[in-house]
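Asker: The lines below spell out each chain.
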Amino acid sequence: MRGLMYKQLMTFRVPAEIIIAVQLLMAVTGLSVYQNNTARGDRSLMAAVMIVPFILFSMTNGELFRYDEREKWCCFAASTPQTLKGQVRVKYYFTLAAHSVILFVGMLCDCVFVGVTGNTAVSCISTGVLFYCISLILNALEYPFYFRFGSDHGGQVKAASVWTIILLIMIYLLFGDISLLLNMELPDLNSLINNSSLMMWTMALLPAAAAVIFFLSYLISLKMYRKGMESYE
Amino acid sequence: MSNKSLTVRRIIIFCALAFLPIIIITPLMNLYYGELIFVSEKAAAGSYVFGVVGMLTPALANLLTRLITKEGMGNNYLALKLKGHGGWYAASFLAVLGEVAVALALFCIFYLNGMSFSEIFPSEGISDKAAIVLFQIEYSVIVFFPAFGEEWGWRGYLMPKLCEVMGKPAAVVVGGVIWGLWHAPLTISGHDFGVDYTGYPFVGILLMCVLCVAENAFLTLLTEKTGSIYPACFFHMINNNCSMLFFLSIFGSEQCVAVSDGLPAVQAFLTILLPPTIILGAIGLILMLKKPRREA
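Chains as they are written, first to last, in the working numbering: chain A, 1 to 233; chain B, 234 to 529.
If you are wondering where the hints come from, they were derived from the structure by calculation, not from laboratory data.
Positions of the beta carbon are idealized from the N, C-alpha and C atoms, including for glycine.
Among the hints, a few may not be true.
As the list claims (entries may be wrong) - With the Cβ distance kept under 7 Å, some of the chain A side facing chain B (calculated, not the full set):
{"#": "1", "residue": "F104"}
{"#": "2", "residue": "V129"}
{"#": "3", "residue": "S197"}
{"#": "4", "residue": "W201"}
Let the hints inform the model, and build the full structure from the sequences given.
Answerer: This is the structure:
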């Protein structure tokens, strides 16, 4: 598994370097802007340091698959001691490791930010954990598509699914009952997020849900890979 | 050089590398903020910085010692080893919760005598409170990295080395004292006990050493039984993030929280926090010294 992880790191080296560089650059920019800013309560830049790298990872995760999508390579991979199971598992291990590194670097940046300003109110570490979980869930939803249809077609299927959901929401917004949303004012929305019991439970259950979905996705991907390898060129 | 003296040399190098950053950073932080960091208004920021940077230094010391002494990465305790050790992983979570439960019970017995259970723990909004606790436990993942930093240093490097040069009980005591002394710059800056107590800072440092010896026994047991540092990391992260005070602030009544806030830190430490840790440490030591049962 260590060898496969190394291979994965090598194939994903450029995106990984870019993601970490962007994260560090944003942290430095954020700190200098914060130091020159009179609005000391603003922490949006620190939130961006926590969120943007996860988005970048989700945008580039196809690179993890691109080099493995050849029929002969799949046959060779199946003959290795790790078998196809190892090939699937390493993608999930690597995703988890990459997310942990992003969160760790984010935490170090956050720590420097808090240390220099002496103000814990600027910390966005909870946002980081929240997006860590959300990003894991999103990747877990994508990977079975990648394994089944390849990174290019999988990406298209993923995009089609997302657009279908958006379309359904838009149809509902056009023709469905939206009186609740229309009568709701912005402060109500904020209080809904901050005080609602439902929201609190959602936040509390998110990490557990992320773990379960990630594991289920791995099991589905195992089946999908076997089907998908037959369609590789 | 004999094996034993090489091990002693490695222990000395490791300790120097683990202690040095804390000894340098703490006064610099005090200087930067213009007062003792943990008794200043910026105590929360100080705790966060030390909680991240400070706690990572033992792991860094582990890595550097291995490089300097050309030890390599053998016996690094970094494998998960989940198979067959599920019980120990569960114990790492349950032990913290047990410790908190005993501490809460002691607090009620010593300081809330005469108050009924419903007066101490009102049942209003219990569902939301449960969600907050679950949130806090799960979001302890933030503390995982710092906890890993300490555990990979103390339990993943120092303790196995100490066990090579002395008996296990002695190693637990010496390792705990070293770990406690490592906290000394923070204790001097007011961490845990503040600065307004008799015998400052020596009493604080001594109490920290006692606490660390007790915790070291249980954490070493977890590491030794599983061959992995992760159960100790999980214990450490939940212990740091979900203290008895956290549970009290969530479930306790206002009156109850006011009593807790009014307690002198050293008194609260001796009567509420230390006893369950000592019990846990004693259990850890007994289990560690227990000879494995021979199969018939």
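Asker: Give a verdict on every hint.
Answerer: Hint-by-hint comparison with the structure:
1. F104: Where the cut-off is 7 Å and the nearest Cβ of chain B is about 5 Å from F104/A, the hint holds.
2. V129: 5 Å, holds
3. S197: Interface hint status for S197/A: holds (5 Å vs cutoff 7 Å).
4. W201: 5 Å, holds
Of the hints listed earlier, there is not a single one the structure fails to meet.
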